[in-house]
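S.K.: Let chain A serve as the given structure and place chain B on it in line with the hints.
There are 2 protein chains.
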Amino acid sequence: MKIETKTAHFSSPLYLESGRILEPYEIAYETYGELNADHSNVVLVCHALSGSHHAAGVYEGERKAGWWDGLIGDGKGIDTRKYFVISTNVIGSCFGSTGPMSNNYSTQAPYRLKFPVVTIKDMIRAQMHLLSDLGIHHVRAIVGGSMGGMQALQFAVDYPNFADDIIALAATYATRPWTIAFNKVAVEAIRRDPRFKHGNYEKDDFKEEGLDGLAIGRIAGHISYLSPDSMDDKFGRNYVGTDGLFELFGRYEVERYMEYNTNNFSRIFDPLSYLYIVKAINTFNLSRGYDSLHDAISRIKANVHLISFSSDYLFFPSEMEHIAKMMARNGQAHSYLEVKSNYGHDAFLVEVEKFEAHIREVLELGIRN
Amino acid sequence: MKIETKTAHFSSPLYLESGRILEPYEIAYETYGELNADHSNVVLVCHALSGSHHAAGVYEGERKAGWWDGLIGDGKGIDTRKYFVISTNVIGSCFGSTGPMSNNYSTQAPYRLKFPVVTIKDMIRAQMHLLSDLGIHHVRAIVGGSMGGMQALQFAVDYPNFADDIIALAATYATRPWTIAFNKVAVEAIRRDPRFKHGNYEKDDFKEEGLDGLAIGRIAGHISYLSPDSMDDKFGRNYVGTDGLFELFGRYEVERYMEYNTNNFSRIFDPLSYLYIVKAINTFNLSRGYDSLHDAISRIKANVHLISFSSDYLFFPSEMEHIAKMMARNGQAHSYLEVKSNYGHDAFLVEVEKFEAHIREVLELGIRN
Chain A
1 MKIETKTAHF
11 SSPLYLESGR
21 ILEPYEIAYE
31 TYGELNADHS
41 NVVLVCHALS
51 GSHHAAGVYE
61 GERKAGWWDG
71 LIGDGKGIDT
81 RKYFVISTNV
91 IGSCFGSTGP
101 MSNNYSTQAP
111 YRLKFPVVTI
121 KDMIRAQMHL
131 LSDLGIHHVR
141 AIVGGSMGGM
151 QALQFAVDYP
161 NFADDIIALA
171 ATYATRPWTI
181 AFNKVAVEAI
191 RRDPRFKHGN
201 YEKDDFKEEG
211 LDGLAIGRIA
221 GHISYLSPDS
231 MDDKFGRNYV
241 GTDGLFELFG
251 RYEVERYMEY
261 NTNNFSRIFD
271 PLSYLYIVKA
281 INTFNLSRGY
291 DSLHDAISRI
301 KANVHLISFS
311 SDYLFFPSEM
321 EHIAKMMARN
331 GQAHSYLEVK
341 SNYGHDAFLV
351 EVEKFEAHIR
361 EVLELGIRN
Chain B
1 MKIETKTAHF
11 SSPLYLESGR
21 ILEPYEIAYE
31 TYGELNADHS
41 NVVLVCHALS
51 GSHHAAGVYE
61 GERKAGWWDG
71 LIGDGKGIDT
81 RKYFVISTNV
91 IGSCFGSTGP
101 MSNNYSTQAP
111 YRLKFPVVTI
121 KDMIRAQMHL
131 LSDLGIHHVR
141 AIVGGSMGGM
151 QALQFAVDYP
161 NFADDIIALA
171 ATYATRPWTI
181 AFNKVAVEAI
191 RRDPRFKHGN
201 YEKDDFKEEG
211 LDGLAIGRIA
221 GHISYLSPDS
231 MDDKFGRNYV
241 GTDGLFELFG
251 RYEVERYMEY
261 NTNNFSRIFD
271 PLSYLYIVKA
281 INTFNLSRGY
291 DSLHDAISRI
301 KANVHLISFS
311 SDYLFFPSEM
321 EHIAKMMARN
331 GQAHSYLEVK
341 SNYGHDAFLV
351 EVEKFEAHIR
361 EVLELGIRN
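Line by line, the protein sequences are chains A and B. Be aware that the first sequence starts at 1, since it is given in the numbering used here, and climbs by one per residue. Be aware that the second sequence starts at 1, since it is given in the numbering used here, and climbs by one per residue.
So here's chain A without its partners, still in its complex pose (with noise of 0.2 Å):
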């Protein structure tokens, strides 16, 4: 697949949950496949934290594909020869999209600390105003994992006619505790970290090697995305070199890991942005706005299919079954499809071929319980 990024450009305002104005805005997106006459072939795919538009596909001249290139593509699980892929960059994200660290129109500087908090109701009501834009005004199926599942859920539920189907993998109906405590470390390992300068450092000062707040909170997340059980297959106890163990600074294999992983994404991933996403996840809870979580849900017109994943440590199966089985009582169409998997909530990410049928027949005969 030949694989270019688009950005559409709004200068109509984008109206916050917050009561704020974000104007003008932009956002990135790819697609892949071919929309069909009459518009009826739209996946539109959403992305979770660390992720962007480059859902699929490799980029000229590069080697690693996008981060759901194992379900998205021609003959996958999404088939690219039936369905048209829309991808789109989150709002507030630094891979394109408006976020922190685009210029302020009107003092020509970037925003930084004085970008509005988003969340992910205005994620994807920005994404209404681009598919609005392309003349796209229903879509087949919104899919998504982690923060991708919250948008995908938030579409049922606010925008009750605009999907045939919602799929969304390893998320959950409101952010608990747990997930807003893992993401504390990083919010505090930025804010006190004295290369953030209180949010005005300069867009290049990192560009080595990182800020150090950044890595270090996202160890916390990498803990949150693993489980006990894959870290014991993935690492065991194994130590890095064969004579440090009486080294105060030796590592085990498990935390090279985390220092190679971490230190590449606070390389390549914008501090503040990764300050108002988690911000956007912590603040995730399904029935705002609404009477109750059951309020919310029963507006929910599409059919909608939920997976989980067995050692998923950071959004649990239960929180998925929680939304099914409150469908069920109130009668709605769904599914609830629980995976056994050991890699944790990465699983949405790396065992693709555990829930790429699943969501093949969905696209293609619209199953239900």
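FYI, nobody ran anything at the bench for these hints, they're computed from the structure. Treat the hints with caution; some may be incorrect.
[As the list claims (entries may be wrong)] Derived Cβ-Cβ restraints for the label pairs, each shown as a range:
no., chain 1, residue 1, chain 2, residue 2, range
1, B, N330, A, G241, 46 to 52 Å
2, B, V350, A, E4, 42 to 48 Å
3, A, R195, B, P24, 49 to 55 Å
4, B, H198, A, E202, 23 to 29 Å
5, A, N103, B, G61, 56 to 62 Å
6, A, G241, B, H9, 47 to 53 Å
7, B, E202, A, N238, 52 to 58 Å
8, B, V350, A, G241, 47 to 53 Å
9, A, R81, B, V350, 55 to 61 Å
10, A, E34, B, F249, 42 to 48 Å
11, A, D205, B, T107, 34 to 40 Å
12, B, K197, A, D133, 52 to 58 Å
13, B, H294, A, Y290, 41 to 47 Å
Glycine is no exception: its CB is placed at the ideal position from the N, C-alpha and C atoms.
M.R.: Only chain B this time, still in chain A's reference frame:
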């Protein structure tokens, strides 16, 4: 109880597992109750990562009791009218025993990063010297939770004839990568903190506010001491303040808890000590020095009592059960109790009423499976 801390001085060398020597060294300790004539009523108590020898009672002029005051005292589970309780501070600590900020005798300056790595095996070897010094060559029981449980189990393996009963709570047979990963947050946050100065900070630099890196690392610690359900019960999704949901640094109740507790901790705990004690936890492995875990466990002659907590997310019940099963297959005297709890790992500190009767029975009757 009137409590006084004593300090024992040793001028003979402590031979460490690393091959290095600590000489001279000191051990801070407290005792509760009276030693009987034939020295047969000694109970040794071992503390966890953040603990000290101050396990019970209240210091003159202070209000806060020792960390296991609910369990140790007159008429309590470990009844000080019957038992002579000795609680010692581990080597490496910052609360009175020789640690990285103690003066190196040969240079008359603090060891800092030149302090040798100490292990759980080293900690209990030091305690053996103390007890020997006090004329105690056999104890009724050794009790400890978390890192204290590791010490109790290590005593059982390394000194099979030393104790009648071993009571280990919320511990494991070898630290898994899951726990090492949680500790890694602290290691990196401390190590990368500019005020840590590669270990060359001045002792009083952080008196007022503590080292940020330690506070940040401690957030990860607190996550692992709680559980998703205990956080729901304790904090819910309550937000601090009434209209700050859309402020970037506005805080949920769980975030305030983390800030409050971790800032308090970083004010009193020494960062280098934290690194060294975390290293001792990471390297804990009952089988080290023996052919296998089975070989190590088979050496045990004491009656071993294992107590786990159903919601422990740091050392899972299955880890304690693993030891119980091995002892059962070997026909070794032991008991295993899984306490139903919502409190996570912290239950061994905060839900004493759930296992107090069990410990009382063990000490009085020596119950076994």
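S.K.: Has the hinted range 47 to 53 Å been met by the Cβ atoms of V350 of chain B and G241 of chain A?
M.R.: Violated: the Cβ-Cβ distance is about 39 Å, outside 47 to 53 Å.
S.K.: The hint says 52 to 58 Å between E202 of chain B and N238 of chain A; measuring C-beta to C-beta, is that right?
M.R.: violated (37 Å)
S.K.: Kindly confirm whether 46 to 52 Å is satisfied by the beta carbon distance between N330 of chain B and G241 of chain A.
M.R.: Violated, at about 35 Å.
S.K.: Lying within 23 to 29 Å: is that true of the beta-carbon distance H198 of chain B to E202 of chain A?
M.R.: holds (26 Å)
S.K.: Per the hint of 42 to 48 Å, is the separation of the Cβ atoms of V350 of chain B and E4 of chain A within bounds?
M.R.: The hint (42 to 48 Å, Cβ to Cβ) is violated, given that V350 of chain B and E4 of chain A are roughly 57 Å apart.
S.K.: At the C-beta level, are H294 of chain B and Y290 of chain A separated by a distance inside 41 to 47 Å?
M.R.: violated (57 Å)
S.K.: With 42 to 48 Å as the target window, see if E34 of chain A and F249 of chain B comply at their CB atoms.
M.R.: Roughly 45 Å apart at Cβ, these two residues keep to the hinted range, so it holds.
S.K.: Just to be sure I understand the hint, the distance between the Cβ atoms of D205 of chain A and T107 of chain B should be within 34 to 40 Å; is that true here?
M.R.: For T107 of chain B against D205 of chain A, whose Cβ atoms are near 39 Å apart, the range 34 to 40 Å holds.
S.K.: Quick check on a hinted range of 55 to 61 Å for R81 of chain A and V350 of chain B, using CB atoms only.
M.R.: holds (58 Å)
S.K.: Using the C-beta atoms of K197 of chain B and D133 of chain A, is the stated range 52 to 58 Å upheld?
M.R.: holds (54 Å)
S.K.: So the hint says 49 to 55 Å: do the beta-carbon atoms of R195 of chain A and P24 of chain B match that?
M.R.: violated (42 Å)
S.K.: Between the beta carbons of N103 of chain A and G61 of chain B, is the distance compatible with 56 to 62 Å?
M.R.: holds (59 Å)
The structure is inconsistent with the numbered hints 1, 2, 3, 6, 7, 8, 13, although it conforms to all the rest.
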